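Just so you know, the protein sequences line up as chains L and G, in that order.
Just so we're aligned, residue 0 is where the first sequence starts under numbering that gives the first Met the number 0, counting upward by one.
Just so we're aligned, residue 0 is where the second sequence starts under numbering that gives the first Met the number 0, counting upward by one.
Honestly, the hints are just simulated from the structure, not real lab data.
Note that the structure is predicted; figures quoted are calculated from it, not measured.
Please note: incorrect hints may appear among the correct ones.
Claimed, not checked - No farther apart than 30 Å at their CA atoms in a straight line, the calculated lysine-lysine pairs in the BS3-like style are these:
#1 L/2 x G/401
#2 G/35 x G/310
#3 L/69 x G/401
#4 L/100 x L/53
#5 G/190 x G/151
#6 L/69 x G/202
#7 G/469 x L/1
#8 G/423 x L/2
#9 L/61 x G/469
#10 G/151 x G/99
To be verified - Examples of chain G residues toward chain L, derived with CB under 10 Å:
#11 188
#12 341
#13 410
Glycine included, each C-beta is placed from N, C-alpha and C at the ideal position.
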Amino acid sequence: MKKMIIQFEGKEREVIVQKIKGQLWFHLDGVTHCYVPKMNQASGGQKASNDPLKILAPMPGKIMKVLKNKGEAVEEGETIVVMEAMKMEYNLKAEGNLRVKAVNVNEEQSVSLGAVLVELEEM
Amino acid sequence: MAEIKSIAIANRGEVAVRIIRACQELGLESVLLHSKADIKTRAYRMADRTICIGDSAVNESYLSIEKNIDGVLASGAQAVHPGFGFLSENSDFAQALADKGIDFIGPSPDAIRKMGDKIEAKRIIEKAQVPSVPGYNGDDQSIETLTQEAEKIGYPVIVKAAAGGGGRGMKVITSKKESNEMIEAAKREGKSAFGSDRVFLEKYLDRAKHIEVQIFGDLSGNVVYLFDRECSVQRRHQKIVEEAMSPSLSTELRLEICESAVKLAKEVKYVGAGTVEFLVQDGNFYFLEMNTRLQVEHPVTELVLGVDLVKAQILNQMNRFSCWDQDLLVPRGHAIECRLYAEDPYTVGIPSTGSIGYQYWPDGPGRRFDFGYEQGDEVTPFYDSMMAKIIVWDETRPRAIKKMLKTLDQTVLFGVKSNIPFLKKILSHPEFIDGTFNTQFINQHYPQGLVLDEEEQEITENVGKICFQKVSEAHRSQGEISSPWSQAWSNT
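With the rest of the complex left out, here is chain L (with noise of 0.2 Å):
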């Protein structure tokens, strides 16, 4: 951690800065921030994919149930898998009226964080 003076919208700011991994967490104005520089911006990401097609753990847990099966249709916003992480479970659902096209886990099965859990295509 350092803290150090840059200039920024024409004013000389205090800022609090650390490299951790190739990101940069600062603070600034009350508010953290963390900065991934380009290069080092994995694709997925830490979020859910924007892909409604793959159903991605949004972080690592335990795949609890798989409630369809490969050729099943699915609604837009019906639970797919049920995942748990932290102890709370969280349902991971369609976003679109879509066919189960793979499933690539199995129910009490650890996962990783952006794993490809199911893979869905269009009707």
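Given chain L, put chain G in place with the hints provided.
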């Protein structure tokens, strides 16, 4: 009963730290019973002694009665403090300790059993004439019966794991269509978190406030109330912001609720610290559940009353406690607690894990920080994502809100994302400020959590780029000076 000289702590994180502090001040030895994952934590460093009782997964350590008992016996401690969560409301654990002649710091196994089984608890409250919410608590646990009963009560209906708590194993059913799915989910969560898939149903009050009463019972049958806390800011039934006292109770209603809580506690001959939770809607109150343990949010009560609940628990167990006189318990000012969760606030609260690069707690008058991790410690995915609590006290509620906002602004946490931006939004919301918020607050106003602010994102990019360059340059120039002193300098 052997004289207590040493206390084993069957818990982790910030509450373990809280208990260790109480032991230190009472001149007692503390022994931390911990999992393999928790070696790099603050409690581990602070405890007088530590015993590793098992692997990181909770079933292999913190939730295992056998491993905890083995740890206690190996430690030679005369008493166990269970904290909250884990085995704190497990009567089998309390009983197993009693059988070995070890004190469980809390109520009797019988009182835990009665109040811990939410169905049994409902029978008791009827006896104590405390009002409750209409529902179904029958022995027939088939999905068919439960679905029918839900229909009878009328949606929305809430389904809860009988052995549950902390928001786990609880689901709201809003229509017949969801009924099966939600009941099954509650059963599964109950089974995985508490080892029992028994559930019960209740009418879901859709604009109720969550108000709870802190009570304390001494060994001679005295029970006092330590007033109320409001915990209506909840997400998925997990509390986020709590305060003492509630900004929305009339003096009469407050007295009525507090006295009900005491009546209930006396019914089960309650000993130690406990909390009776109520839902309050349209001037009526309904019993929700009793938590037979210390609560996460106990500090707000401590701050408005000037008491130390953890030391009181321990002293009571040692039979060295003289209970507070009810008339002398007079709340003063206002206290607010914010729970810091390790999560990305912009993704509906998905947990964030990693190692803490830097943290700064901006202390000052009326500010308290209960935390379990320090710089270099790892937030792992094995446990609840609550990292720390920030608690503030001030003379009035508006001042306490302002103090909390300032404190959150000045708190720095690098390496793991936290819900601080979300907390600030909540505390600045007009409904929070005027006190009219209810348990639907988060659902109504932040169903998707926080939405990324474009302006803020721009700052992240622009300032991030500038700082990144500066830091990288500094690293490079340090590398070029290969004097024998460079290593020493960079450490300062």
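Each hint, compared with the structure:
1. L/2 x G/401: holds, 26 Å
2. G/35 x G/310: Roughly 28 Å separates the two Cα atoms, so the pair holds.
3. L/69 x G/401: This hinted pair is violated, its Cα atoms lying about 54 Å apart.
4. L/100 x L/53: holds, 10 Å
5. G/190 x G/151: Holds, at about 26 Å.
6. L/69 x G/202: Violated, at roughly 37 Å.
7. G/469 x L/1: Distance of about 11 Å is within 30 Å: holds.
8. G/423 x L/2: This hinted pair holds, its Cα atoms lying about 24 Å apart.
9. L/61 x G/469: Violated, at roughly 41 Å.
10. G/151 x G/99: violated, 47 Å
11. 188: Status holds, d = 5 Å.
12. 341: holds, 8 Å
13. 410: With a minimum Cβ separation of about 8 Å from chain L (threshold 10 Å), the hint on residue 410 of chain G holds.
Comparing the model with each numbered hint stated earlier shows that hints 3, 6, 9 and 10 do not hold.
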